[in-house]
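Once you've looked at the hints, dock chain B against the given chain A.
For the protein sequence lines, the chains are A and B, in the order given.
In this text, residue positions in the first sequence follow full-length UniProt numbering: the first is 1, and each later residue adds one.
In this text, residue positions in the second sequence follow full-length UniProt numbering: the first is 1, and each later residue adds one.
These are computed hints drawn from the structure, not numbers from a lab.
Some clues are possibly wrong.
The list makes no distinction among identical chains, and a pair is therefore deemed to hold if it is satisfied within one copy or across any two copies.
[Said to hold, decoys possible] Below, computed lysine-lysine pairings styled on DSSO-like, alpha-carbon distance capped at 27 angstroms: (1) 709 x 737; (2) 399 x 816; (3) 843 x 395; (4) 649 x 737; (5) 399 x 823; (6) 399 x 843.
Protein chains: 2
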Amino acid sequence: YLNNSNFEEGDEYFDKNLALFEEEMDTRPKVSSLLNRMANYTNLTQGAKEHEEAENITEGKKKPTKTPQMGTFMGVYLPCLQNIFGVILFLRLTWVVGTAGVLQAFAIVLICCCCTMLTAISMSAIATNGVVPAGGSYFMISRALGPEFGGAVGLCFYLGTTFAAAMYILGAIEIFLVYIVPRAAIFRSDDALKESAAMLNNMRVYGTAFLVLMVLVVFIGVRYVNKFASLFLACVIVSILAIYAGAIKSSFAPPHFPVCMLGNRTLSSRHIDVCSKTKEINNMTVPSKLWGFFCNSSQFFNATCDEYFVHNNVTSLYSLRHIFYLQFLENLWSNYLPKGEIIEKPSAKSFDVLGSLNHEYVLVDITTSFTLLVGIFFPSVTGIMAGSNRSGDLKDAQKSIPIGTILAILTTSFVYLSNVILFGACIEGAVLRDKFGDAVKGNLVVGTLSWPSPWVIVIGSFFSTCGAGLQSLTGAPRLLQAIAKDNIIPFLRVFGHSKANGEPTWALLLTAAIAELGILIASLDLVAPILSMFFLMCYLFVNLACALQTLLRTPNWRPRFRYYHWALSFIGMSICLALMFISSWYYAIVAMVIAGMIYKYIEYQGAEKEWGDGIRGLSLSAARFALLRLEEGPPHTKNWRPQLLVLLKLDEDLHVKHPRLLTFASQLKAGKGLTIVGSVIVGNFLENYGEALAAEQTIKHLMEAEKVKGFCQLVVAAKLREGISHLIQSCGLGGMKHNTVVMGWPNGWRQSEDARAWKTFIGTVRVTTAAHLALLVAKNISFFPSNVEQFSEGNIDVWWIVHDGGMLMLLPFLLKQHKVWRKCSIRIFTVAQLEDNSIQMKKDLATFLYHLRIEAEVEVVEMHDSDISAYTYERTLMMEQRSQMLRHMRLSKTERDREPFLYCLDQSNVRRMHTAVKLNEVIVNKSHEAKLVLLNMPGPPRNPEGDENYMEFLEVLTEGLERVLLVRGGGSEVITIYS
Amino acid sequence: YLNNSNFEEGDEYFDKNLALFEEEMDTRPKVSSLLNRMANYTNLTQGAKEHEEAENITEGKKKPTKTPQMGTFMGVYLPCLQNIFGVILFLRLTWVVGTAGVLQAFAIVLICCCCTMLTAISMSAIATNGVVPAGGSYFMISRALGPEFGGAVGLCFYLGTTFAAAMYILGAIEIFLVYIVPRAAIFRSDDALKESAAMLNNMRVYGTAFLVLMVLVVFIGVRYVNKFASLFLACVIVSILAIYAGAIKSSFAPPHFPVCMLGNRTLSSRHIDVCSKTKEINNMTVPSKLWGFFCNSSQFFNATCDEYFVHNNVTSLYSLRHIFYLQFLENLWSNYLPKGEIIEKPSAKSFDVLGSLNHEYVLVDITTSFTLLVGIFFPSVTGIMAGSNRSGDLKDAQKSIPIGTILAILTTSFVYLSNVILFGACIEGAVLRDKFGDAVKGNLVVGTLSWPSPWVIVIGSFFSTCGAGLQSLTGAPRLLQAIAKDNIIPFLRVFGHSKANGEPTWALLLTAAIAELGILIASLDLVAPILSMFFLMCYLFVNLACALQTLLRTPNWRPRFRYYHWALSFIGMSICLALMFISSWYYAIVAMVIAGMIYKYIEYQGAEKEWGDGIRGLSLSAARFALLRLEEGPPHTKNWRPQLLVLLKLDEDLHVKHPRLLTFASQLKAGKGLTIVGSVIVGNFLENYGEALAAEQTIKHLMEAEKVKGFCQLVVAAKLREGISHLIQSCGLGGMKHNTVVMGWPNGWRQSEDARAWKTFIGTVRVTTAAHLALLVAKNISFFPSNVEQFSEGNIDVWWIVHDGGMLMLLPFLLKQHKVWRKCSIRIFTVAQLEDNSIQMKKDLATFLYHLRIEAEVEVVEMHDSDISAYTYERTLMMEQRSQMLRHMRLSKTERDREPFLYCLDQSNVRRMHTAVKLNEVIVNKSHEAKLVLLNMPGPPRNPEGDENYMEFLEVLTEGLERVLLVRGGGSEVITIYS
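Looking at chain A on its own, in the form it has when it is part of the complex:
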């Protein structure tokens, strides 16, 4: 808050024109001075200040940042474009189209593009909801969703980027080894089956070497990497243009890439000299190389040959067609094949015999399915966060991010979708399905279409892929560093350090190690689904964040970007989830488990960040929803559970007088259900607010110590009785109201000269009854066991005299759930009068308890003798004397003279005293050794005159017992024999 020293110079004007507000100027500053200081966006609030500092630290630079100046096109559109286009377009899209058919390939691309488009919309909303921090998407999400989600999402994003680096490296190696310098392969095999294994080893060796090289480049010259970004982008664009140019050219003059077929089977071009069974050498017809492979003699025509070879002709096929040819229709449908199958052209004629040789054909190298292709294609649409990652460099981030990102997605989607159709229309199906271009002399399949030369695409894609790899290796360690510096995941702390030049060395090493894992997998087709998974997780959370915040309607959710809707985010989220499970349900589960573990770990570490989380509103909404659902009348008997309001007394130093009351409450709840601890401070709220807070803290600490989970409610009231009455009336909220009041017996009320002690007690009993609440009064509360004492034997004795809703049966059952009372047995006593058949009563009682499923010993005590003893008379007399004396003392002198002492005994008091004495006699007789005695509590007299006698009766009733719990039902049944 602003200091009011600023305003002193303008005191005179100020005082007059804003005099009404002058008393609070220290906490409520004038707008003009606020605006003054806010103009350069500092210290608006403390939180904001911390926020800025955090940013400065994360950025690793203490000096003031330069004014950001990049526009939408350069700052967002192009980076997004460069990040989205990737190696999959060149290496796998033809194969996807061939395998899935144009229709399904179109669907795959469309779903993936929709997914990123919806995510981009959600991201735009999040990015434009307030000043965008410079840290990019991780900051956006962690600030919007809180540290737990933020950390999980950040790490998913990090892992995705790292595996993307591995994928780019593998892609680059694949281009290098298959299309540029096939001779460079270290491991070779002529056997078609072993060849793919050899290729994987080549990938591993070269990939590792490449990775080391790239890490060195990143380590030494990260600034050059960024400078070359536009070069890499140029490579991509040129390659894509070459495809379109090729498609146009092929519409009048398709380039000639012949494919050699045996029957309807595609032959690998590796071992073919001419595409025919025979060839002419010196006008002699001699067997071709092909003959040699299929027959047991390569020289003679009378050799025994493979049956399929015998029956079928060798033909040559154009791999490319005029764009208007029927090729498109042929490629329309899918052609999923299991691994090892021969790639065939279904429409070609052939004689259908099996044949025993197959390693001269082009074979399918992995078993494909729709779901697999989704996982392999998805990485081509990732990279949409590239724009928002540069938020710090943008002139107007809130405008540029949505427009640039969405435009980039539209552009790339158009390119992908049009390419699917172009490939389907121009390229022969058998060639499309040929992943490594074996049939077209080892050319890149998409290269055959390109104009002016296949090399444009081969070289272009190689450089762009290298560039993408370098950028991933640059970006991932920085992201890890940012997460580490947020300090939400303690074990990552070491990765937050950077070298003198600001390079996150340790983070780079970890990134390299993880990328190496990806490279060891060696197959692009296996790495792609992994990174798909992590990116999808990340996108899922972005959509979730947007949907949640929209639905929760947090007032601070006011994105400048207007074209979002929770339904769109929800659809995006569903697509992400569906894609995860479609592409690989076990990877999806693994990714989710990893994310969940990170979440739980961060939660466990208790990250309390100053940035707050946007989903805290969720718990509020959940609580509100649950509470609103609850408020539908009182619960059914079978759902009744004690919801306690524990009334604590505080002494002068605001300490709790009887902490055992809380202990007892915790034992009664066995840790479940609602407990509200209430207390009253006598005083004035304006003055005693601080005291109330202090007392609340004391009580909360005590609750923690006694393991009472619940709420604490302090009230400052002028009168204790009023305060208690208001607590009983107004504690709880909606359906979460207490139904039972727990309090201690006012010990020493007889000795106290102040009548308020017991008057407050009886007042509370009356209010409780009026509010239809149950009441538990613990007598000798300080003798009650603590939570560490555990009774190893003994009884809980219930004296069930009147039926009061069943509380007396339920309470000992609940107590026995707690370890302190677990080993006690329950005994239930009841009293038979002269007219009762006590044997039948005992039987009925046992049956009743059997049906209640409560294990208890039952006993019926006969109380036939109703003669009033001399002792009763004596006690009654003593009581009446005492109260009359007290009354007398309160009278004024004249009145005292008017009303002399009268020793006449009230019959009803005698009867009551008789009850108390007789009951006490049998109870003490049976239960003097019980660990706890539960007893019906008689109601307070209807006539307030008898209040003091009532206290006396209760004293007599419970005399000689160690621990007593007086129980009064709330007027409703709490236990039932029915299920």
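Structure of chain B alone, referenced to chain A:
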């Protein structure tokens, strides 16, 4: 509650011995009289009574039920046994073992048995939690889980039973048409491919006829069905014994069922005369029938033959082996094949060529997989509810149900598991995989093993299957009737009616119609997964009910059956869920959607049943959990949302004085967030409890009318000020506390002679400030718009004079979310003093609002002139005169004389009045046409002397404005420019 007239006769004894309790005997009866009346289990509580009545109605009999007398063995064990054993054991278990291999088949059976065992444990716990109603499992679940779940589960169970009827009928037809009278088939085809289609049509025709027959039997003679139950059970037991006997016999003398093989391919025995390529007729070797099928001439040996036929020999194989033979090892592994494949014996030698003919072999008729087999096998373990369905007939249901059910499951599990091993050990794999026994001359495969004859099993299984079908058709309509009579699903009401003889005719017809659907599917293998799904749903809910109730620790969850645990139920639930998704994820989703729709429908119909639901505790626990999570300090600025405490005034008739305050609150919340409506009744709680309840009802109705979702809190207090103070202190619970108090301006305080009106107001302002709450005071609240008025234009004007946490900016934004204010524009005014640069201020203000993402017009009003006008002096004078006069009136005569009128002006009052007048001038000037004016509310004076002047200043400040909202922040920032 018991009427106390019962006790009058024993008055004398009673009075003396229980005199302490006599005043409340009407609500708290003596235990002895309670036990007396309870002995025959009636009227314990009202709920229980209704419960019993409901049962009587459901049972369809008003007369007293006979004393139930069945024991565990006859009442639970045998019915369970009969229901669990079913057609799948005989028709499909061999095939499951052959296809999945012994290991996987064992796993399938084990998982299914575990699933039912765990469900039985959960069910036992539910069944022994209280007196078991006579209606069986549906009653148990609906009473335990509430009408919504109960209805959904009941209907799932009904659909499952109905489809089970269809499955039994299909099974019976299959036995009849395939094994007993193959000639009875109506549709025939010699082509192997078309034959299965023809068979399906046979199933449809015969199945429908059978269904009609069975429905007639059920309709006419349901009592005979039950009488024959033991006959059907005997059939099952004899059949099973025959299998064991056969297994023992095969260990020394396996019966001879030869299987004819061509190479390693199994030949169908249909067209074979001898198992050889040739046969001897009159000592001549002539081609056998087989020759004719495979070659183009059936007479000559020089014919062109199928290549596979040429290369392979025809051999004959024993279908059964000694039990100790290595057969077991051969059958250990799985052998899943796609549809149309030829069943082979992998270990046999063969020359591997494709061959072009295949309709003479035994073919696979459906593509199998582990998951499919699970779905097909599962119906064999259903039926575990048969015991609990008879709870009404049991002597001691609580003991018999758990023991009988669990024993039955153990028995059946043992039979299934041992049979899996026996089949694997004794029967040739190729025969096991042969679903319809084509290779063993159309014998039932399991029949080949049985002793003394295959016919034992064929006949036994036929009758037991018919019996099971009849029982399903008997049980399902009764279940539907029970559900319909519960009246939780209104559109089912018609099925609750029964004919004179108690038969539920309509329900029977519906059941028949649904079963017909199953029969039209015609394939046992397709119907089985459907009913698996419904049963699994049902079991899932049983486990869920048990797990939830255990975890929620409802006090009334005290099952007599002790050996349950939430973890077991949870595992059971997981297995159910897993099995559902494993066996068919789309069926699972459909079943869940159906159950979900039923749930929502019942919820929507608002079934409020007297039986309550055991999972209401769930919302309580959820609310408690959410609340406990919330209580972690105040929210972050970006999560701040107004949580309102609306203080309403009530008039003498307990009507709300200013209902518009609620309307305004609802507009402010746009329906979201916490709203507590508080009000105080002056009086004594003991006397005014009824009034408080009445007022609460009034307020709740008003809240409903104004669409305010929230809570209502009434307090009866001796003093209004105390009551309001306590409300502000103690409303809400834990983290669900109000942070903003909304109240109306005390209109006419100047006219009122009672100073309490404005003193209460200022007191409330002070308490609000002390509690750090925000305050909104609406002036002229009755002019505020109702929810139906919608402003089509106009402004919400904010006068932002001091910065107060940002409430002034947030409130108009929130109001604009509501349709009433949507079309208003926000204008923000601030005041520039002489020393301020108003142009720069305006620019800064605009930037600030841009970053806040709030669209508003901004204006800086210059207030350079600080000369105090004559009018100000005049108003101040008037104010001071008035208050001095009032003070004077309150003085006693002597004091009045002592203190004469003094007209001296307090300078600070003049300054304050100047502020008020000047501000009012500019505000009225700019905002007199605004729909709403928001204004900083000055704080009350530190010195209480000035309270009345403070009221006057506020009046002057807001004079001449139609609707004013005075706003005071709570001391914390509520809006931030950061995301």
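Intra- versus inter-subunit Cα pairing at 27 angstroms for residue 399 with residue 823: between (70 angstroms within a copy, 25 angstroms between copies)
Alpha-carbon proximity context of residue 399 and residue 816, limit 27 angstroms: between (65 angstroms within a copy, 24 angstroms between copies)
Within, between, both or neither: residue 843, residue 395 at alpha-carbon 27 angstroms: Between. Shortest inter-copy distance 19 angstroms satisfies the 27 angstroms Cα cut-off; intra-copy 88 angstroms does not.
Alpha-carbon proximity context of residue 399 and residue 843, limit 27 angstroms: Only across copies: residue 399 and residue 843 sit 20 angstroms apart there, 83 angstroms inside one copy, limit 27 angstroms.
Residue 649 and residue 737: within-copy, between-copy, both or neither at 27 angstroms Cα: both (21 angstroms within a copy, 24 angstroms between copies)
Status of residue 737 relative to residue 709 across identical chains (alpha carbons, at most 27 angstroms): both (15 angstroms within a copy, 18 angstroms between copies)
Figure legend: structure checked against the earlier numbered hints; every hint is met.
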